[in-house]
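If you're matching them up, the sequences are chains F and Y in order.
When the letters of the first sequence are read in order and numbered with this note's numbering, they come out as residues 1 to 251.
When the letters of the second sequence are read in order and numbered with this note's numbering, they come out as residues 1 to 258.
One should not assume that every hint holds.
Incomplete in silico selection of chain F near chain Y, CB under 8 Å [claimed, not checked]:
hint: 1; residue: Ser141
hint: 2; residue: Pro144
hint: 3; residue: Ser145
hint: 4; residue: Arg171
hint: 5; residue: Gly195
hint: 6; residue: Ala231
FRET-style restraints, in silico, Cβ to Cβ [claimed, not checked]:
hint: 7; chain 1: Y; residue 1: Gly68; chain 2: F; residue 2: Gly67; range: 30 to 36 Å
hint: 8; chain 1: Y; residue 1: Glu58; chain 2: F; residue 2: Tyr95; range: 46 to 52 Å
hint: 9; chain 1: F; residue 1: Ile65; chain 2: Y; residue 2: Ala225; range: 46 to 52 Å
hint: 10; chain 1: Y; residue 1: Arg117; chain 2: F; residue 2: Pro229; range: 38 to 44 Å
hint: 11; chain 1: F; residue 1: Val84; chain 2: Y; residue 2: Arg217; range: 36 to 42 Å
hint: 12; chain 1: F; residue 1: Gly67; chain 2: Y; residue 2: Ile246; range: 42 to 48 Å
hint: 13; chain 1: Y; residue 1: Pro5; chain 2: F; residue 2: Ile65; range: 35 to 41 Å
hint: 14; chain 1: Y; residue 1: Gly203; chain 2: F; residue 2: Arg240; range: 42 to 48 Å
hint: 15; chain 1: Y; residue 1: Glu125; chain 2: F; residue 2: Leu74; range: 28 to 34 Å
hint: 16; chain 1: Y; residue 1: Gly134; chain 2: F; residue 2: Lys186; range: 34 to 40 Å
hint: 17; chain 1: Y; residue 1: Gln77; chain 2: F; residue 2: Gly67; range: 16 to 22 Å
Just a few of them, taken from the derived set where beta-carbon distance is under 7 Å, the chain Y residues facing chain F [what the hints assert, rightly or not]:
hint: 18; residue: Asp54
hint: 19; residue: Val76
hint: 20; residue: Val79
hint: 21; residue: Arg82
hint: 22; residue: His97
hint: 23; residue: Met109
hint: 24; residue: Ala111
Simulated from the structure, these hints should not be mistaken for laboratory data.
Ideal Cβ positions, reconstructed from N, Cα and C, are used throughout, including at glycine.
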Amino acid sequence: MLGGLAALIVSSPGWDEVKRTFFSWEHFKDSFPGILEAFWLDVRLFVVVEVIVLVLGLGVAIVRITGAPALFPLRMLAVVFTDVMRGVPVILVIYLIGFGVPALGIAPDWLTEDPVYLGGIALVLCYTAYVAEVYRAGLDSVHPSQRAAALAVGLTGMQAMRHVLVPQAVRRVLPPLLNDFISLQKDVALVAVLGVVEAFRQAQIDASRDFNYTPLVAAALLYIAVTIPLARILDRQQARARRRTGQVMSV
Amino acid sequence: MTGAPPVLEVRGVTKAYGEREVLRGIDMAVHEHQAIALIGASGSGKSTLLRCIDLLEEIDDGDILLDGEVVTDPSVQAVRVRRRLGLVFQAFNLFPHLSVLQNVCLAPMRAHGTTRREAEDHARELLAGVGLAGREADYPDRLSGGQQQRVAIARALATRPRALLLDEVTSALDPELVGEVLGLIRQLKDDGMTMVIATHEMGFARDVADEVCFLHRGVVLERGAPDRIFTAPERPETQGFLRRIIEGGRLEEGHAPS
Numbered sequence: 001m002l003g004g005l006a007a008l009i010v011s012s013p014g015w016d017e018v019k020r021t022f023f024s025w026e027h028f029k030d031s032f033p034g035i036l037e038a039f040w041l042d043v044r045l046f047v048v049v050e051v052i053v054l055v056l057g058l059g060v061a062i063v064r065i066t067g068a069p070a071l072f073p074l075r076m077l078a079v080v081f082t083d084v085m086r087g088v089p090v091i092l093v094i095y096l097i098g099f100g101v102p103a104l105g106i107a108p109d110w111l112t113e114d115p116v117y118l119g120g121i122a123l124v125l126c127y128t129a130y131v132a133e134v135y136r137a138g139l140d141s142v143h144p145s146q147r148a149a150a151l152a153v154g155l156t157g158m159q160a161m162r163h164v165l166v167p168q169a170v171r172r173v174l175p176p177l178l179n180d181f182i183s184l185q186k187d188v189a190l191v192a193v194l195g196v197v198e199a200f201r202q203a204q205i206d207a208s209r210d211f212n213y214t215p216l217v218a219a220a221l222l223y224i225a226v227t228i229p230l231a232r233i234l235d236r237q238q239a240r241a242r243r244r245t246g247q248v249m250s251v
Numbered sequence: 001m002t003g004a005p006p007v008l009e010v011r012g013v014t015k016a017y018g019e020r021e022v023l024r025g026i027d028m029a030v031h032e033h034q035a036i037a038l039i040g041a042s043g044s045g046k047s048t049l050l051r052c053i054d055l056l057e058e059i060d061d062g063d064i065l066l067d068g069e070v071v072t073d074p075s076v077q078a079v080r081v082r083r084r085l086g087l088v089f090q091a092f093n094l095f096p097h098l099s100v101l102q103n104v105c106l107a108p109m110r111a112h113g114t115t116r117r118e119a120e121d122h123a124r125e126l127l128a129g130v131g132l133a134g135r136e137a138d139y140p141d142r143l144s145g146g147q148q149q150r151v152a153i154a155r156a157l158a159t160r161p162r163a164l165l166l167d168e169v170t171s172a173l174d175p176e177l178v179g180e181v182l183g184l185i186r187q188l189k190d191d192g193m194t195m196v197i198a199t200h201e202m203g204f205a206r207d208v209a210d211e212v213c214f215l216h217r218g219v220v221l222e223r224g225a226p227d228r229i230f231t232a233p234e235r236p237e238t239q240g241f242l243r244r245i246i247e248g249g250r251l252e253e254g255h256a257p258s
């Protein structure tokens, strides 16, 4: 079927034109080094945002599932936060933070001078909400008797969370968690709307200069070069977890 | 029993879930090296009583004392009390993400500040004691139900508890695996462990317990020496309960009430 599709595309009347504008080796060679350099920014932004998201998301999830009455206001805040952030498109949040925060005139200069920071904050807000929901599903899936057993051996509530509930929850939600990783890795390109010259923006610049879209294909290859290994790591993790405990939550 | 207070004492404890009264005034005392068997139909309150003693459930009224100290007082930190008691669950509740050795070492290391080396040495000793030497690195799902329950008992013993609470620890086991767990509890009793044992195994209760308490609808309806309870129960409810157990084939004919 794939071969048939390829044959259809290659034999289409516009193929020669498409080949010239999207798959030109010359343009690829010229633009690739610059795009690769710009892509380094994507990678750094992705890693930093991801690490912050993993920590904050877990915090939000724990606040949401903890029953302590004292945490009620915090819990409500967490609910509103996740609802809003999951409901608004990422690109809109990036616009609002990227142009709204500097307009307030109260943010420090180092923050407003570099749109990468503001874009990063916007990504953190959105993905913290997504990841918190993933964690929460995992924590909900651990049977209450595990907490009872942890308390019975003398652990505190926090210790039970840290040593018994969270490790089990995280193992179960690794697949959906890694899905969000991959989404984030791609959505990093959205900070381009704030004028950040990362791989996609750089490719766009190259493309509009030469009226040739090959640089965009080059950028796409770079994103794929990161996301495919991530997917394979995920597969391996899952297989290992299945071998050992037989329990992995499916996506 | 002069001088020393009972290890565990339950005084007029009540507990309700909404409208449903599960415990309606329980009194009980467990002295050092004693084993008390709690018998009674499912839903009579045995499990709830054990969970209340371990402060996993809040009681509505009454007192629970551990070594003479009222531990149900709001000023007492529950976690400090739980560290002095061991509870073994019907469904084992081992931590599936941890190896057998890690299951046993977790509480000593995290709750009692024992060094890893010390905790592991003690754990290996306990695991050998429950017949599981050589299985330290296995994960719980690689073990049979009986083996898992023996790990759970080793885990409860790892914190050197003052008393062990056993909540129908053989009810989730295949019949052929019941014996190995009961044998282990008999051995603990011989070693002098203080225990409260909720059980449906009447022959076992008769052998091991110093006193049997028959729970019925949240009260101890009848209590006494095992021989008397099993041969000459006074209350019609106790007689009825034991008769149903015999008909269910869980008590050998020789132990039938007269």
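Quick check on a hinted range of 35 to 41 Å for Pro5(Y) and Ile65(F), using CB atoms only.
holds, 40 Å
Pairwise beta carbon distance, Gly67(F) to Ile246(Y), judged against the given window 42 to 48 Å:
holds, 44 Å
Glu125(Y) versus Leu74(F) beta-carbon gap, inside 28 to 34 Å or not:
violated, 45 Å
Status of the His97(Y) interface restraint (C-beta, 7 Å, chain F):
holds, 5 Å
Quick check on the hint: Ala231(F) CB to chain Y CB, less than 8 Å?
violated, 24 Å
Is 38 to 44 Å a correct range for the gap between the Cβ atoms of Arg117(Y) and Pro229(F)?
holds, 39 Å
Hint check, Ser145(F) versus chain Y [nearest Cβ-Cβ separation less than 8 Å]
holds, 5 Å
Minimum Cβ distance from Met109(Y) to chain F below 7 Å?
Hint on Met109(Y): violated, closest Cβ of chain F at ~9 Å, above 7 Å.
Should the hint that Pro144(F) touches chain Y count as held when the rule is a Cβ pair under 8 Å?
violated, 10 Å
Please check whether Arg82(Y) passes as an interface residue: C-beta within 7 Å of a C-beta belonging to chain F.
Arg82(Y) check passes; min Cβ-Cβ to chain F is 5 Å, inside 7 Å.
Arg217(Y) and Val84(F) - C-beta distance against the hinted 36 to 42 Å
Given a distance of about 51 Å, which is not inside 36 to 42 Å, the answer is violated.
Consistency of beta-carbon spacing, Ala225(Y) to Ile65(F), with hint 46 to 52 Å
holds, 48 Å
Of the hints listed earlier, those the structure fails to meet are numbers 1, 2, 5, 6, 11, 15, 16, 19, 23, in rising order.
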